[in-house]
Amino acid sequence: MKTRPDFKYLVASALLGFILGAFVVASLGNPRALRQRAPNVSVRVAPHDAAMALDDPGSPVIEAATAPTTGRGGDPTIAADSGSLKARGLEMPVKDVPRSALVESFHEVRSGNREHEAIDILAPRNTPVVAIDEGTIAKLFVSKAGGNTIYQFDPSEQYAYYYAHLERYADGLKEGDKIHKRQVIGFVGTSGNAPKDTPHLHFAVFRLTAARHWWEGTPIDPYDLLR
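Take the sequence shown: its letter number 208 is residue 229 in my numbering, and every next letter is one higher.
Hints were generated in silico from the structure; no laboratory data involved.
Just to be clear, a hint being listed does not mean it is correct.
As the list claims (entries may be wrong) - No more than 16 Å apart at the CA atoms, straight line, and that leaves these computed lysine to aspartate or glutamate pairs for EDC-like:
#1 202 x 155
#2 202 x 136
#3 202 x 129
#4 160 x 198
#5 199 x 178
I would like the entire structure built from these sequences, with the hints used as guidance.
What follows is the structure in C-alpha cells.
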C-alpha cells in the first residue's frame, strides 16, 4: 500500500533547500558584482628596477612632480631648457650618423600606454658612441631592458644624458670620470631587450631633480636638441 508523504517532511525539505541556496549566494557574492572590473592599482617601480619593468628602456624613471612635458610647447621651463641645451652645440651621440637621419619618436606610445620619451639612432654594431657634451659619468648601469647603459651629467649637474643598448663600454670608462664632448664612451649594440638584428642607440635627455638622482628627472625631447 502506498503512503502519502508526510506534510511536515515536505515543508522541512523545502525550508532546508531555501537555506542552502541562500548560503551559496552569500558565499559566492552577487554574480553581477563578480563581473565588475577590479579597480586599477598603481604600482611604483623601484628606481633600480625600473628599466627591467619595461619592454624597452624608456627614459630613466621619470618622476617629476608634474606630468612630463617637452620643449615643444607646454611648460615654459622645459622650453627654456631646450633652448639652453641647443645653444651649446651638442654633438651627435653616434659617430658618422648625420643629423638628417634622426627620426622623431619622443611622443610615440609604447607598451603600457606610455610615451617613448627618447629617440632611437640606428647604426652598425660597434659604431662608436660619443659624449654629446662635457660632463661626468654619473652611473654605469646594466639592466634587463636597457642592457649596458650610461648616465652622464652635464657640467652644471642640472641635466643628464642617457645612452642605452650599448654593445660595450669604452675601455677604462668608470663612474666619476670627467669626459669631454666627442669622447668615445661606448659602442652601438643590442644589449638588453633590443632586437638582436637592429643595433641602435636609445638616447634620452632629462632635467635632474634637486636631489640630483641619476635615475629621475623631467624628460626633454632629444630630437629638438640635435636637429
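Consistency of the hints with the structure:
no.: 1; hint: 202 x 155; in the structure: holds (5 Å)
no.: 2; hint: 202 x 136; in the structure: violated (28 Å)
no.: 3; hint: 202 x 129; in the structure: violated (29 Å)
no.: 4; hint: 160 x 198; in the structure: holds (10 Å)
no.: 5; hint: 199 x 178; in the structure: holds (12 Å)
Of the numbered hints stated above, those contradicted by the structure are hints 2, 3, listed in ascending order.
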